[in-house]
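Participant: Protein chains in written order, with full-length UniProt numbering: chain P, 1 to 219; chain Z, 1 to 689.
Treat the hints as calculated values from the structure; they're not laboratory data.
A couple of the hints might just be wrong.
[Said to hold, decoys possible] Here are a few chain Z residues that sit away from chain P, every Cβ distance over 12 Å (derived from the structure): (1) Ser-161; (2) Thr-164; (3) Leu-284; (4) Asn-331; (5) Val-348; (6) Asn-382; (7) Lys-410; (8) Arg-417; (9) Asp-452; (10) Val-622; (11) Asp-630.
[What the hints assert, rightly or not] What follows is a list of derived Cβ distance ranges for each label pair: (12) P:Lys-214 <-> Z:Pro-156: 43 to 51 Å; (13) P:Asp-76 <-> Z:Ser-93: 19 to 27 Å; (14) P:Arg-24 <-> Z:Leu-254: 34 to 42 Å; (15) Z:Thr-164 <-> P:Lys-214: 28 to 36 Å; (16) P:Glu-10 <-> Z:Ser-386: 53 to 61 Å; (17) P:Asp-76 <-> Z:Thr-96: 15 to 23 Å.
Glycine is no exception: its CB is placed at the ideal position from the N, C-alpha and C atoms.
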Amino acid sequence: MATGLLTYEEFVRNARDLVVMSDRLGDGWELRHVRQTDGPEETAFLVKRICVAIAEESPVDPETPRDVGEPENIEDEDPATLHCRGTGKLSEKTVQFEYHVIYSPSYQVPVLFFTATFHSGRLVPLKEIWKFLSPFHVTRDSGMEWESVTQQEHPIFGRPFYHLHPCHTSNVMATILTANKHERGDRDIKNYLLSWLTIFGPTIGLNVLIDYLKIDSKT
Amino acid sequence: MATGGAEQQMLQFVPFVSRLDAGFWHELSRRKLEKYHLSEAAQYISGYYTNNSVPGLPTNLLLEYSGFEKPPVHPPYAFPCPGSIIVLNTIESFKTCDKRKILEETGRQIWDDINDGSAVDDPSLLSRFMLLTFADLKKYNFHYWFVFPALFPNDPLTTLSIKTIGSVWNDQQLQSLQKAYDSFRSAHPGIGFFIVVMTDDGTAALHELREAETCLSTEKFMLGFCDPSTMETNPGWPLRNLLILAAQKWSDRLNVVDVLCYRDYTRDGRRLVSHSLLLEGVKLPDKMSTDVLPKVTGWEKNDKNKSVPKMVNLSSSMDPVRLAESSVDLNLKLMRWRLIPSLDLEAVSSTKCLLLGAGTLGCNVARCLMGWGVRHITLLDNSTVSYSNPVRQSLFTFHDCSSGGKHKAKAAVESMRLIFPGVKAEAVDSSIPMPGHSVGTNAEAIQKARKDVETVEKLVQTHDVVFLLMDTRESRWLPTLLTSAHSKICINAALGFDTYMVMRHGFRPQPGTETGSPGVIVGGCGSGIPGDQLGCYFCSDVVAPTDSTRDRTLDQQCTVSRPGISMVAGALATELLVSLLQHPLKALAPSDSHTEDDSESESCLGLIPHQIRGFMSRFQNVLPASQAFDKCTACSPVVLSRYREEGFDFLLKAFNTPNFLEDLTGLSQLYAETDDDQVWELSDGEDDM
Ligand SMILES: [Zn+2]
Numbered sequence: 001m002a003t004g005l006l007t008y009e010e011f012v013r014n015a016r017d018l019v020v021m022s023d024r025l026g027d028g029w030e031l032r033h034v035r036q037t038d039g040p041e042e043t044a045f046l047v048k049r050i051c052v053a054i055a056e057e058s059p060v061d062p063e064t065p066r067d068v069g070e071p072e073n074i075e076d077e078d079p080a081t082l083h084c085r086g087t088g089k090l091s092e093k094t095v096q097f098e099y100h101v102i103y104s105p106s107y108q109v110p111v112l113f114f115t116a117t118f119h120s121g122r123l124v125p126l127k128e129i130w131k132f133l134s135p136f137h138v139t140r141d142s143g144m145e146w147e148s149v150t151q152q153e154h155p156i157f158g159r160p161f162y163h164l165h166p167c168h169t170s171n172v173m174a175t176i177l178t179a180n181k182h183e184r185g186d187r188d189i190k191n192y193l194l195s196w197l198t199i200f201g202p203t204i205g206l207n208v209l210i211d212y213l214k215i216d217s218k219t
Numbered sequence: 001m002a003t004g005g006a007e008q009q010m011l012q013f014v015p016f017v018s019r020l021d022a023g024f025w026h027e028l029s030r031r032k033l034e035k036y037h038l039s040e041a042a043q044y045i046s047g048y049y050t051n052n053s054v055p056g057l058p059t060n061l062l063l064e065y066s067g068f069e070k071p072p073v074h075p076p077y078a079f080p081c082p083g084s085i086i087v088l089n090t091i092e093s094f095k096t097c098d099k100r101k102i103l104e105e106t107g108r109q110i111w112d113d114i115n116d117g118s119a120v121d122d123p124s125l126l127s128r129f130m131l132l133t134f135a136d137l138k139k140y141n142f143h144y145w146f147v148f149p150a151l152f153p154n155d156p157l158t159t160l161s162i163k164t165i166g167s168v169w170n171d172q173q174l175q176s177l178q179k180a181y182d183s184f185r186s187a188h189p190g191i192g193f194f195i196v197v198m199t200d201d202g203t204a205a206l207h208e209l210r211e212a213e214t215c216l217s218t219e220k221f222m223l224g225f226c227d228p229s230t231m232e233t234n235p236g237w238p239l240r241n242l243l244i245l246a247a248q249k250w251s252d253r254l255n256v257v258d259v260l261c262y263r264d265y266t267r268d269g270r271r272l273v274s275h276s277l278l279l280e281g282v283k284l285p286d287k288m289s290t291d292v293l294p295k296v297t298g299w300e301k302n303d304k305n306k307s308v309p310k311m312v313n314l315s316s317s318m319d320p321v322r323l324a325e326s327s328v329d330l331n332l333k334l335m336r337w338r339l340i341p342s343l344d345l346e347a348v349s350s351t352k353c354l355l356l357g358a359g360t361l362g363c364n365v366a367r368c369l370m371g372w373g374v375r376h377i378t379l380l381d382n383s384t385v386s387y388s389n390p391v392r393q394s395l396f397t398f399h400d401c402s403s404g405g406k407h408k409a410k411a412a413v414e415s416m417r418l419i420f421p422g423v424k425a426e427a428v429d430s431s432i433p434m435p436g437h438s439v440g441t442n443a444e445a446i447q448k449a450r451k452d453v454e455t456v457e458k459l460v461q462t463h464d465v466v467f468l469l470m471d472t473r474e475s476r477w478l479p480t481l482l483t484s485a486h487s488k489i490c491i492n493a494a495l496g497f498d499t500y501m502v503m504r505h506g507f508r509p510q511p512g513t514e515t516g517s518p519g520v521i522v523g524g525c526g527s528g529i530p531g532d533q534l535g536c537y538f539c540s541d542v543v544a545p546t547d548s549t550r551d552r553t554l555d556q557q558c559t560v561s562r563p564g565i566s567m568v569a570g571a572l573a574t575e576l577l578v579s580l581l582q583h584p585l586k587a588l589a590p591s592d593s594h595t596e597d598d599s600e601s602e603s604c605l606g607l608i609p610h611q612i613r614g615f616m617s618r619f620q621n622v623l624p625a626s627q628a629f630d631k632c633t634a635c636s637p638v639v640l641s642r643y644r645e646e647g648f649d650f651l652l653k654a655f656n657t658p659n660f661l662e663d664l665t666g667l668s669q670l671y672a673e674t675d676d677d678q679v680w681e682l683s684d685g686e687d688d689m
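Start from the sequences and build out the full structure, keeping to the hints where you can.
Facilitator: Laid out in structure tokens, this is it:
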């Protein structure tokens with residue numbers, strides 16, 4: 001029986017491999033390092049951003065962005081500027097999802113942190129996030145998407161993020177990793193992080209390309 | 001390549017749309033407080049754009065928290081843009097500063113970088129931008145306005161045609177381009193401007209701009225740039241200044257050029273470049289005098305195409321008070337999502353609670369209610385915090401005792417706000433008139449009693465639930481009567497040395513109201529008493545409240561209980577209320593005393609007893625239930641109707657006249673008939689030594 005746990009060194013190794021695969025697939029994962037003020041060690045974590053257009057009828061952010069003051073006549077009319085805003089040619093409403101995968105030393109598992117922001121940098125409230133995500137995943141009615149999501153200060157940046165609580169992660173991973181070994185023999189997923197992402201990512205709109213599994217099985 | 005003759009069409013460019021991530025404003029606030037202070041000097045910052053957006057997405061220029069770092073940290077496939085940020089100190093200077101000058105100054109930097117050749121070596125300088133801000137860090141309001149400067153040529157920029165390269169080039173050419181771009185990218189990461197040379201046999205090669213001189217002679221010379229635009233007919237903003245650069249640097253040998261607007265995205269594992277645009281026959285403008293700055297455009301417009309700055313309020317992600325509130329709420333929701341899907345948190349958090357007594361029980365109940373997300377909590381008490389209190393009364397500290405001691409209710413509320421600023425707690429310093437504690441006939445004393453009654457009655461009316469947590473039995477009489485008269489939920493807790501009693505009073509609907517509750521509820525293995533037929537604290541006591549402190553020895557007066565008792569009882573009182581609020585019948589829920597695990601309850605939190613009587617010496621609870629008593633001195637119909645008729649005058653008689661309540665209810669007669677005065681021996685108090 002696998003433990004479902006991961007050491008920080010394994011996490012970093014897995015993360016590097018994942019970024020190499022992501023680069024091949026143009027999937028946008030990057031590995032960042034931050035030196036925290038209270039520690040000499042650098043902390044590595046994975047980052048990915050996805051910008052999605054949201055339906056026009058989606059609830060808008062009531063507080064932002066707001067115009068302030070009167071329009072100012074400060075430059076000459078320019079015929080070479082395409083005025084596409086408000087014309088419906090491009091999506092007016094977009095939300096950027098930002099995903100961070102951070103190692104939790106206390107749980108010894110990766111933890112998924114995420115936020116979603118409007119253009120102005122204002123956070124999308126959690127209940128709106130699910131509305132935006134619903135077209136992207138079908139498990140919406142199961143109620144599962146709510147499980148374990150809570151607001152938490154980001155362990156590195158100290159600002160509010162949502163996160164999937166890691167208390168069940170090692171159990172789930174132990175089951176998956178053990179099942180992999182028994183059923184698929186040598187065709188199991190070698191990269192713990194990749195297995196983990198395929199299980200926990202889709203609940204919050206982070207789908208994993210099947211191509212990762214193809215690449216992983218070849219390594 | 002075709003030149004002249006055919007018709008030229010005017011080129012229109014898709015402007016950048018600014019996009020900030022949440023961390024950007026956090027980092028800006030930190031830098032303003034720790035580094036910039038009052039400096040309004042332009043500070044370095046780096047943004048980026050990408051060329052991998054799916055069609056339909058806006059041409060974002062993104063700024064994130066890491067853009068302040070040097071060198072900046074950007075995602076893979078990002079094209080960095082150097083910029084500067086000015087943080088102004090007042091809203092006035094933000095409004096009145098010379099916008100034309102800022103636009104021209106930023107434009108002039110680009111103009112100079114083009115003419116002195118810096119932009120040929122580092123083409124990212126073509127996408128230089130400026131961000132003007134004013135940060136109101138007290139209200140978390142951020143005013144901001146971007147400039148993405150573009151230089152005007154003397155004549156409009158035109159092209160012969162705009163096509164996707166997929167419609168012009170074959171697969172071999174597309175693949176060759178893709179390969180050529182990949183090797184250019186790995187050699188020059190983050191550089192979004194280049195020269196493309198496409199040979200006749202369909203092989204593409206990419207070169208840096210500084211190699212232009214040697215490439216210009218080749219037949220198939222093209223300008224290329226990574227295009228953030230996703231429009232089929234329009235290139236993105238970076239091309240504007242690139243064409244100006246080409247005109248200023250190479251117009252002696254180049255007046256018409258093809259331009260590749262390179263777009264490159266991967267979706268579902270498939271990479272696509274064929275949607276890139278090819279602008280054939282772009283006519284370069286004439287070279288302009290380097291001494292004169294061309295016209296500049298670039299202030300970001302709003303969605304109505306007006307030049308207006310923006311303001312965003314970030315209190316929901318930056319104001320610690322609001323963060324605490326949403327954290328508390330999300331944490332409670334977690335309980336619902338994980339364990340009890342039918343839990344109605346709103347029913348709990350929206351309940352307005354009045355706590356009579358701010359001693360050990362009051363403190364513990366207040367804390368427990370906050371734990372449940374209850375926001376409206378009012379505490380009433382008329383005593384002050386003394387030195388013995390803080391160790392047992394969990395909202396006080398030693399400092400609350402100094403110089404005579406703070407008023408308990410006030411100190412408790414201050415402490416609650418420190419624990420959770422989102423709480424809407426109020427303190428009321430008032431006493432509760434009691435039967436047997438004679439008010440007398442002095443007009444002033446009567447006036448004070450009248451005022452106290454008014455205060456308590458008003459509070460009862462404006463709250464949903466009243467907790468009786470005071471330290472004498474008789475002080476519970478008036479609020480018991482008032483909660484019955486105004487049909488409020490009443491939760492009562494009283495302590496002995498190692499015993500406690502927690503109960504919900506029977507609910508007394510307004511006269512004439514049909515409760516609809518059946519006479520007797522028949523459950524799986526027993527029956528409960530409907531909520532409106534349950535007794536109150538005084539129903540089971542067959543003596544009227546009198547001055548319980550008068551004839552006691554010292555340790556009876558100052559009730560001493562085991563310290564854990566009040567924590568247990570305070571917690572049970574709160575949890576009893578919460579369970580009750582989850583029942584579909586709310587206060588009318590029948591009493592339920594089944595202790596078997598498998599008994600079904602209509603409240604998702606389990607059974608709802610009438611009373612919980614606990615014995616710490618045996619670590620045991622029993623859950624008795626009792627009927628309302630028709631001769632009750634506090635809640636019987638005769639008492640309630642006399643109170644409704646006579647109001648304060650009735651109360652005054654009860655306060656002043658011995659045996660008035662017993663005579664009224666018929667208790668006196670009952671005494672005469674029996675001499676059974678077995679009374680549950682429970683002192684009610686707290687440790688107020
Ligand atoms: Zn009663």
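Participant: Taking the hints in turn, state whether each one holds.
Facilitator: Now for the hints, and whether the structure bears them out:
Distance to chain P confirms Z:Ser-161 as a non-interface residue, since its nearest Cβ pair spans about 17 Å, more than 12 Å. No beta-carbon of chain P comes within 12 Å of the beta-carbon of Z:Thr-164; the shortest separation is about 17 Å. With a minimum CB-CB distance of about 14 Å to chain P, Z:Leu-284 clears the 12 Å threshold, and the non-interface call stands. Look at Z:Asn-331: its CB is around 6 Å from the nearest CB on chain P, not clear of 12 Å, so calling it non-interface is violated.
Chain P leaves Z:Val-348 outside its interface by the beta-carbon criterion, the shortest separation being 18 Å against a cut-off of 12 Å. Every Cβ of chain P is farther than 12 Å from the Cβ of Z:Asn-382; the closest lies at roughly 40 Å, confirming the non-interface assignment. With a minimum CB-CB distance of about 32 Å to chain P, Z:Lys-410 clears the 12 Å threshold, and the non-interface call stands. Every Cβ of chain P is farther than 12 Å from the Cβ of Z:Arg-417; the closest lies at roughly 21 Å, confirming the non-interface assignment.
Listed as outside the interface, Z:Asp-452 is consistent with that label: its C-beta sits roughly 44 Å from the nearest C-beta of chain P, beyond the 12 Å cut-off. Under the 12 Å C-beta cut-off, the non-interface status given to Z:Val-622 relative to chain P holds; the minimum distance is some 36 Å. Interface exclusion of Z:Asp-630 from chain P stands, the closest Cβ pair being 49 Å apart, more than 12 Å. A C-beta distance of roughly 50 Å is found between P:Lys-214 and Z:Pro-156, which places it inside the suggested range of 43 to 51 Å.
Separation of P:Asp-76 from Z:Ser-93 is about 25 Å and conforms to the stated range, judged on CB atoms against 19 to 27 Å. Between P:Arg-24 and Z:Leu-254 the beta carbon distance is about 37 Å. The supplied range of 34 to 42 Å therefore holds. Judged by the Cβ atoms, the range 28 to 36 Å given for Z:Thr-164 and P:Lys-214 holds: they are separated by roughly 30 Å. For P:Glu-10 and Z:Ser-386, the Cβ-Cβ distance of about 58 Å falls inside the hinted range of 53 to 61 Å, so the restraint holds.
Checking the proposed 15 to 23 Å range against P:Asp-76 and Z:Thr-96 shows it holds: the Cβ atoms sit about 21 Å from each other.
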